[in-house]
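S.K.: Here the protein sequences line up with chains A and B, keeping their order. Here my numbering is used: the first residue of the first sequence is 1, the next is one more, and so on. Here my numbering is used: the first residue of the second sequence is 1, the next is one more, and so on.
Derived by calculation from the structure, the hints in this document are not laboratory data. Where a beta carbon is used, it is the ideal one built from N, C-alpha and C, also for glycine. All the given hints hold, so there is nothing to weed out.
Which residues of chain B face chain A? A partial, calculated answer using Cβ under 7 Å: (1) S68; (2) A210; (3) Y214; (4) G230; (5) P324; (6) F430; (7) M431; (8) L434.
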Amino acid sequence: MSSSPTSLLDLSTNSLGSAGETRARITGFAGEVSIVERLQEMGMHHGMIVQCLGRTPFKGPLLYRMGATVVALRNGEAQCILIQTL
Amino acid sequence: MHTNSNPLEIVALVGAPNTGKTTLYNWLTNSKFKTVNYPGATVEYAIGAAAERLKADYLFMDTPGTYSLFPKSSDEEVTLRALYEHHRHQKVKKVICVVDGSQLERNLMLAEQIHAAGFSMVLVVTMSDLLRKNGMKLDVAALKNKFNSPVVLFDGVLGEGLMKIVDELKLLKVEEKDPKHLKTWSAEKIQQQSEILRDLAAQAYGHVDAAKIYDPTARIDRWLLHRFLGLLFFFLIMSTLFSSIFWLAKPFMDMIDKGFTWTASEILLLMPNSLFSEFLAHGLVASLGAVSVFAPQIFILFFGIGILESSGYLARAATLIDRPFSKVGLSGRSFVPILSGFACAVPAMMATRNISSKRDRWITNFIIPLMTCSARLPVYALLLSFLFKDQPAWKPGVILALLYMGSLGIGAVVAAMLNKILAKSEISMFMMELPLYRFPRWRVLLQQSFARSKGYLFRAGPFIFVFAVIIWAGTTFPNYSEENGAVKMETSYLGRIGHAVEPAFEPMGVDWRVGVGLLSAFAAREVFVSSMAIVFNVTSDDEETQSQGLLSSMQKAQMPNGRLLFTVASVSGLILFFMIALQCMSTFSVAVREMGSWKFAMVQLVSFNVVAYILAIALVQGLRVIGVA
Ligand SMILES: Nc1nc2c(ncn2[C@@H]2O[C@H](COP(=O)(O)OP(=O)(O)O)[C@@H](O)[C@H]2O)c(=O)[nH]1
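Let's have the full structure, built from the sequences with the hints guiding it.
M.R.: Shown next as structure tokens:
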């Protein structure tokens, strides 16, 4: 089942450690160019499977796992990644 | 030992952060330190000759971690410059591209760019021990074909693969023409490349899922980054670090103190009643002792920060702190520089280079000198042990912890003010990779912390020596035969000068002797302690150890008007002064260099010292008004 593209930010707002981690596939990028470039250089790209691990305390950055990596992204950064939930 | 007269060929190590670049560099050059990416470890590129046993005529160059050849932070600009510009050395033509074996999918992009730029490359895949442990076998041939370059698996723990890397370097052919600068890749190009590289990584891994290497780390993070428990762990870890500076160091400090006391008394026994032995014992030994006593504390601080860094926790701490920091115009990326500011502002300011936003970096650099650096530690320790003389050790420990937090608080206030004043221009980025948790390599860590603590002692050493001579001679002559110590002091050269500047220090509740100490602290903060040791130790009776003697003569010291000199009020004023004042010329010069601006450094220097002076006076007078002497 797939839905229309949304941003990674919509994937989950669960706090870390709670159940219900969701997975999605990256479908593209949008927004601030320098952020998008940096995300891509860090190895995020079209077709990659991303899993949201949840949010850190104080409404802090969100944690995303892709392959053998976890990155912490701020809301604005996560928003630049377009996804399709799986 | 090279045979030809040409300068040695230079080989650059390039790779993303945390891929094991510095570890490989240390193996190649046989250097012991800098292994851990301690804040500031790879900030300037390090260059070292090949280890003797490799029998290779190369210079190796370690560069700051970079994700691409299109720099986004000044750290990455350093890497780019190191690759393309060379004054003293030859041009870089051979590159060792370091990729993490568990992160091929992401790390190969840099390899592709280095290849495209025309560098001759050996692709080194690190963490081969982790791959083996997880039953993964890389299809090396696939990587070789793609980049048309040799590929070597390397185990950074045991050094397996080292000789192979050197052999491949020797076989590597170098193009006649220089490597070219790459034009920034378009989004389409990056997209297209990343698809190719993803397929390549998948092919290299075969059917094994590389992601499972991260599973144990992810389990730990469920606790350490948990919404509530994560904060609890953060405070536990940080308070353990800073409180251990006091309780763990205590026995070692006592030992050192006894050692210096013994030396001084032996000197006086061997050569009684001579000016020279007087100088040695009460001048030199006393002042060196007063500062060396704090070496264990500084060692523990360096060691503790080293553990946090090499275990991978600092990246988590930065993530936890990002949100609160962003409220005052900083980002989580400012955390590591600020934390290392608790050791020393100099490497801390250099560590700000991987903050990509200029504004964040400006604010971070501005507040770093406010952090309780290791040179302040001896000063606080002396003043606190005076305030809490004959009381349980946990009390000064708690206050010290509060002072550490207080400096963070002052930093936050200043940052918030700057955040209001400075124009908001660019976007601030965080985007932090959380590396695998690892066990620190204890031996390396110990060696490194020893080297850093030694550096601390030797850096301050010359100043301590010079001021020991000046202050001892200044307080001894011309009336060196005077029996009454107080009279001798008052009529001494330094005493006369001191009286001239005394009015400036009187509002702070201190006399000329402390004033002289404060002025000498501008050479290095810890000189304050050695100055106090000379000025106040001259009359100590030799029953006690030096530090006890210093404390009891401080207790008895009086102002000209008969009031006690060191009171709760005046000592608090001194502490507040030291918290804010910028009394470190190395910090000043590194600020000029890092910010490329005299103005920045001057504003910092003047405003910190003026504010420190005014606030200290306000505190002392305020306390007196409410009846605290
Ligand atoms: N297990 C394992 N750990 C390694 C290896 N190489 C480096 N490390 C560890 O990985 C971390 C990062 O290494 P470092 O050399 O500082 O990376 P740099 O940031 O690229 O310079 C350190 O904790 C090293 O001890 C390796 O081959 N195997």
